[in-house]
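Peer 1: The opening position of the sequence shown corresponds to residue 1 in this note's numbering, with each subsequent residue numbered one higher.
Hint data in this document are derived by calculation from the structure and do not stem from the laboratory.
Since the model is a prediction, treat every value here as computed from it, not as a measurement.
Be a bit skeptical, because a hint or two may be false.
[To be verified] Pairwise CB distance ranges (calculated):
no. : residue 1 : residue 2 : range
1   : E234      : G259      : 40 to 46 angstroms
2   : G233      : N31       : 30 to 36 angstroms
3   : G189      : S289      : 44 to 50 angstroms
4   : H262      : N235      : 16 to 22 angstroms
5   : I232      : E302      : 33 to 39 angstroms
C-beta atoms are modelled at their ideal positions from N, C-alpha and C, and glycine is treated no differently.
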Amino acid sequence: MAAIYQAVHKRASSLFWRLHSTYVRKMRYLNELKEDDSLCRQAQTSGTFYLFHNLCPFLQKVGKKYLVPQLSAAEMKRILEKCKGNDQFLEQSVLTGCSDEHVPHFALDLGWDDSSSLALEKSVIESELKGSFTDLRKALFVVDGKDSPLLASAQSLLRWHNSHQFCSKTGQPTQKNAAGSKRVCQASGITYYPQMSPVVITLVSDGSRCLLARQPSFPQGMYTALSGFCDIGENVEETVRREVAEEVGLEVESLQYSGSQHWPFPSSSLMIACHALVRADQAEISMDSLELEEARWFSLGEVVEGLKREPRPSKQDDGSFLPWFPPRQAIAHQLICEWVKQQSS
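Taking the hints into account, I'd like the entire structure generated from these sequences.
Peer 2: Structure (structure tokens):
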């Protein structure tokens with residue numbers, strides 16, 4: 001009997017903990033907001049808002065720091081009245097999360113496009129709130145690390161709604177639910193959900209060196225890991241092997257998963273990071289010049305020096321640029337640091 005009692009008590013304690021877990025309660029609350037339009041609209045009256053204009057997030061510079069302000073519902077109402085907007089704007093907001101205290105967070109684009117009847121003048125908002133709408137590619141690398149994923153996911157969701165306003169089957173307008181977690185075509189009954197495109201990003205090594213490459217569109221001197229979209233029907237391993245073969249003409253012997261990251265470019269990608277090993281005696285690069293501008297092997301010393309440099313172009317006296325790598329917010333940086341740690345251990 002004692003054993004049975006202990007088992008029941010242990011299970012009940014586990015269930016109690018899970019039901020009262022902060023994370024579990026947050027996730028269930030957010031799911032309720034996604035499923036119940038009335039509850040979500042009510043939450044908008046007490047929530048906080050992150051602002052965008054034409055998909056550019058609003059930032060405030062305080063000293064040397066860039067902050068991502070959260071505007072209260074009351075502050076949003078004041079701004080809309082000041083800019084001759086109305087509550088119609090709030091209906092365009094999307095749910096992005098909530099605090100541990102269940103204060104919901106929304107993202108709202110006040111621009112959409114300059115010709116839209118729903119656009120508010122950017123300069124008026126910036127002057128009123130004492131900040132600026134900043135291109136996302138810059139914003140991701142100047143804000144605090146915890147804010148980068150927030151801006152990336154919010155902008156991706158706003159962009160998805162902006163580009164999925166019509167049903168691909170009927171051509172009729174689709175309707176967004178209050179939380180922005182889906183759109184529905186009333187004519188066909190089709191429900192559309194926001195999606196991400198899977199992309200592998202692979203750091204190739206021959207055991208003592210790692211392979212980094214650059215495309216013509218990259219900033220001068222920047223090198224990163226190889227990457228490419230997954231084809232339909234492929235698993236991650238097949239995509240890694242194909243991309244490495246296509247881009248640099250090497251055959252992967254083995255690979256190891258590292259981690260993943262949502263990335264908003266070019267249009268919301270799930271970056272799946274891997275390490276790949278090729279044979280040192282078969283490591284001659286045969287680069288696809290249509291994909292890449294340059295691909296080369298880097299020694300451990302070169303990589304360590306590159307990581308010490310600021311993530312921006314640095315021109316030398318001879319006109320060339322010192323190699324540098326993506327900043328710490330990018331998962332490519334994580335891959336490179338992991339490789340250095342493996343080589344140093």
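Peer 1: Please check whether G189 and S289 have a Cβ separation lying inside 44 to 50 angstroms.
Peer 2: holds (48 angstroms)
Peer 1: E234 and G259, beta-carbon distance inside 40 to 46 angstroms?
Peer 2: violated (19 angstroms)
Peer 1: That 16 to 22 angstroms hint for H262 and N235 (C-beta), does it hold up?
Peer 2: holds (20 angstroms)
Peer 1: Taking the Cβ atom of G233 and the Cβ atom of N31, is their distance within the range 30 to 36 angstroms?
Peer 2: Holds - the Cβ-Cβ distance for G233 and N31, about 31 angstroms, lies within 30 to 36 angstroms.
Peer 1: Is it true that the C-beta distance of I232 to E302 lies inside 33 to 39 angstroms, as the hint says?
Peer 2: holds (37 angstroms)
Checked against the numbered hints listed earlier, the structure breaks hint 1 alone; every other hint is satisfied.
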